[in-house]
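Use these hints to put chains B, C and D onto chain A, whose structure you have.
Protein chains in written order, with our numbering: chain A, 49 to 377; chain B, 49 to 377; chain C, 49 to 377; chain D, 49 to 377.
Derived from the structure by calculation, the hints contain no laboratory data. Possibly wrong hints are sitting among the right ones.
Unchecked claim - Just so you have them, the derived chain C footprint on chain B, three or more residues with Cβ under 8 Å:
1. 189-203
2. 236-245
3. 288-295
4. 300-313
The C-beta atom is built at its ideal place from N, Cα and C for all residues, glycine as well.
Here's the letter readout for the chains.
There are 4 protein chains.
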Amino acid sequence: MINLCLFGAGRIGAIHAANVSQHPDVQIKFVVDVNQTAAEQFAKQYGATVTDANTALADTTVTGVIIASSTDTHADLMIRSARAGKTIFCEKPIDLNIERVKECLKVIDDFQVACALGFNRRFDPQFNQLHYQLQQGKIGELQMVSITSRDPSPPPAHILPATGGLFRDMMIHDLDMARWLLDEEPVEVFASASCLIDPAIGELGDVDTAMVVLKTASGKLCQISNSRQAVYGYDQRIEVFGSKGMLQANNNTATNLSFSGEQGVITEKPLHFFLERYADAYKAELDNFIETIRGTTNPLANQQDGLKALMLADAALESATTGKRITIN
Amino acid sequence: MINLCLFGAGRIGAIHAANVSQHPDVQIKFVVDVNQTAAEQFAKQYGATVTDANTALADTTVTGVIIASSTDTHADLMIRSARAGKTIFCEKPIDLNIERVKECLKVIDDFQVACALGFNRRFDPQFNQLHYQLQQGKIGELQMVSITSRDPSPPPAHILPATGGLFRDMMIHDLDMARWLLDEEPVEVFASASCLIDPAIGELGDVDTAMVVLKTASGKLCQISNSRQAVYGYDQRIEVFGSKGMLQANNNTATNLSFSGEQGVITEKPLHFFLERYADAYKAELDNFIETIRGTTNPLANQQDGLKALMLADAALESATTGKRITIN
Amino acid sequence: MINLCLFGAGRIGAIHAANVSQHPDVQIKFVVDVNQTAAEQFAKQYGATVTDANTALADTTVTGVIIASSTDTHADLMIRSARAGKTIFCEKPIDLNIERVKECLKVIDDFQVACALGFNRRFDPQFNQLHYQLQQGKIGELQMVSITSRDPSPPPAHILPATGGLFRDMMIHDLDMARWLLDEEPVEVFASASCLIDPAIGELGDVDTAMVVLKTASGKLCQISNSRQAVYGYDQRIEVFGSKGMLQANNNTATNLSFSGEQGVITEKPLHFFLERYADAYKAELDNFIETIRGTTNPLANQQDGLKALMLADAALESATTGKRITIN
Amino acid sequence: MINLCLFGAGRIGAIHAANVSQHPDVQIKFVVDVNQTAAEQFAKQYGATVTDANTALADTTVTGVIIASSTDTHADLMIRSARAGKTIFCEKPIDLNIERVKECLKVIDDFQVACALGFNRRFDPQFNQLHYQLQQGKIGELQMVSITSRDPSPPPAHILPATGGLFRDMMIHDLDMARWLLDEEPVEVFASASCLIDPAIGELGDVDTAMVVLKTASGKLCQISNSRQAVYGYDQRIEVFGSKGMLQANNNTATNLSFSGEQGVITEKPLHFFLERYADAYKAELDNFIETIRGTTNPLANQQDGLKALMLADAALESATTGKRITIN
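If we strip away everything but chain A, and leave its shape as in the complex, we get:
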């Protein structure tokens, strides 16, 4: 039996717990949350025990931790888990401060624990298949990547500052996909952004609409289009273009029903948001983490990926703010 400790009994923690329950030989032994009530309800539902971080990390039967608590606790819990020798799964971002992220990575490195980072989209069956075919040379030499990523609606404006803003909270996923698909580090970043949806977002110094262009050393180009509000649902598409053709990953829908009526032919909107769109990705991500604990594989996205995506996000933010193209070393 593999015993896990879950930090954070919220919505994303519940997804991971449900996926763990599909594995007969894995269980969430401990759940830790500052909200005692939430922790207890959670513990009851999933047969776990409520405890504190020290106790959980001191338990030698616990081999892995899932960090799904608030962003400001990630780095601390990762460091403590690494020191306790646990295999780590952490939701992105590690931290919003690059220096803090580097400190955290040093400890993980020193204690040589495996660390998976929650870039769940890499596990989406469709994007995963696209990546696989790209690696297989289906489109020849990759030349351009286009990522469209739009949320159905913005988060409440008041929580935006804590998230780090559009580039570090939302686009960071797309920047990770860009790095993964380009298979080469971007060396130049240009961003242009606006507040076109909700003035309250702009008043907080954030943006809700953004476009980015990345370039790698060999000249590959990538463009990203972000919006906080697509009224037709969660728009998640990727297009990779190369010397032998193009692969496109399109939106997923609940069904393939179509209705032909006087207005035209109507098909379904994309699945509503990330919980629906990436349900399979969350499952596969957790499978990958469990296999990592078993020592049979490595994380598909790790702490270094977390650092590099954040660096790109910071560069994009700087570019959008200064109007300058930013060079990455």
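Quick look at chains B, C and D alone, frame taken from chain A:
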């Protein structure tokens, strides 16, 4: 805890067992199979006990049975289960002999047990949604139904006689869908069929390609197109047409990836066969059965549906054989 | 210069005249119509001369005739044109009476003139390409054909008797496509039909909704679905299925625009009706006729095709009326 | 009769001549080309007379000129035509030198002649409809535009210098579309470009792959993706996104045929290149020019549009060269 007895430890039994395991308060207590080795392996995997039918049916803690054994055992097990007061789930068909089916239904009626029949397609999320929208009046008055149903490859010819042939084994699913969607009993059946794929099928007196036209008393029309071999995969489409428009349920694919290359734009084939295409339907079907045991709902397809679909299949077979349109009373 | 005589200055005559005007060395020299005003207006627009049939057919510079007048005049004009040695293009049907059609064909045969019949769909670029790929063996051995053919709205009920009804006016096009695609004569016809759209149609002894199954001697099957009213537009689809795959010809739309909004993803309805849908087919049909006059090709659809399609239409009507499958000799 | 003079008897001149021939009351009276043989052949085919520019422009019966000669002759011919009081249609670009363009525009302004510029894509039925729906408020407030524009194969490298390179030859069309759709001038331009397809292009100082981001004063964003070689054909797509949804213009194909086989479901590639893709646009563009001569409408794209698109192209080139975002005054 709801305790079930599973008759038949084969492929379809395994699907039901896996779906049962998603329900924390339901378990397969007993598994019964003429193949002792298969039964034991199965019991081990799902934590069940191997036993015989008498013992299982005599156990008062068992409230439901899943009959997934060979077709010739269905009616007998249904009758014995009904007499033992169990809620029944049985794979289709009840029996290939109409008189035997009627005997069986009489017992179920006498003992007033609920009985679900495995017309899994009614539970397919897409077809279910199509049916719902049809009932809601989305296309106004229904006028025509078109069902395309083609297997990726024929079963081994030698097992065909035991299945009852194309009409009673394969088209019976489409005839059930026709009844369900038409919401009115067909009163006329015409069938035309050929052996175009494998002469061995013809030598056994069966066909591999068939078209059927149904008509209801109010004049609604339905056409069915069947083939035992679509090289591009399991082709399962439904189109309903009415006074206000048309609804089409299209094939499901593994992903929505498309590749644009020198040959054209290539998207994925339909999911390979029924295990993939109807995975969600099998889950929903079992949920419906469990809710039936709990007394909170009724079977979406019951024993009467089994009888009526078989009567249509027999009529289609007679029409294809005689060249005459058959009238159903 | 090729000189033509056009019989019938109506809507379909205007289409042919416009297409003729694209050929710099072909002209409509004479136009003949019982409605003198229509004929004169037409003559003015297209630079033709109004005359009567005798004069036109006696003019030795006229080498071809286009018969686009009312159905009851077709056979007479064909016979007179054949006797005058003209190459004939005639809108379908030749006549609604099979015996009269045979008389007409005998004269054409005796005078050995080439005769094209207006089965315009054979010239539709999409259906033509489908036929070509079928002939090239793209789907291997053909096994099944499915034709969906639905008008946007029924003609005024009072004109229905003159048209010969749904089978001989509307489905005759689909029966011709079936013959052309099957590349083998149907030997069995079954039809089922209803009046579901407009009771006035039923009162005139006609139907507005019909399904047909055809079978050839080698066992190939074909199904046709007809409706006089598809509220989403002119629904013209063909699917051919064989041992190596399936070809589908889908509806044409004005543009490939799609709108994603709160209701879903909306694309355009099919083109409204035959004038829009088959505009290119009418052009290609006339090109074929002009090449026939020049002696460089033969009609893609000729008088024999007209006879055989009418025989199938009559058989379908008989089947729908009697409920019996009809055998064609 | 409207008499036109055509400058340039090449491929694009032939398209305009063919479209002129559809108008019974318009003719190409004169054709002027430095290649006397080409001019004579052309004159013969279209019933025109070969002459020189002076003679043609001095002819008072000539009211319009079509300038389809080489780029370096455009400005001179426009100036001379303006002075002669002719209505002008000129292929883009006016000139590759901004100062020369301004000189030219001044003359057109002084002589108050109407001038149409060959931004043919504005006339594409699909893009035109997209623009119309955008103007009608179909997607609410416009926020983002995405233009994908890829050629099937690069022009011969040796002609590239004369064209002005990717930004001024190819992307200028997309920059014009951007201006037209944004309905507001871009004030910032950022470009990133590479030579990834053919090193010979790079050796000439040009690029073959480029991405651009534009921003307007109100914060609307636009991204453009260009490639000189899409092996699957001419990829011409536009997506506009706003507060109430998204409109997408997709590629056009020769037919809507699909083939389902063992490899998947294959549909047609986009139409091969601009002659096929924009055939209807060229027709509509010429209709617009003829209506402009008649005084019943104004050019949909005029000389000012030519100047502004060139300014954006120059800015994009400067940005790609310097790595800086360029501000447009």
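Here is how each hint holds up against the structure:
Coverage of a stretch by a chain is defined here by at least three residues with a beta carbon nearer than 8 Å to that chain's beta carbons; for the segment 189-203 of chain B and chain C the count is 6, and the condition holds. Coverage of the segment 236-245 of chain B by chain C holds. Counting CB-CB distances below 8 Å, 8 residues qualify, and the rule asks for three or more. Restraint check on the segment 288-295 of chain B versus chain C: 5 residues with Cβ-Cβ distances below 8 Å, three needed, restraint holds. Counting residues of the segment 300-313 of chain B whose C-beta sits closer than 8 Å to any C-beta of chain C gives 0, which falls short of three, so the coverage hint is violated.
The structure fails hint 4 only (numbered hints given earlier).
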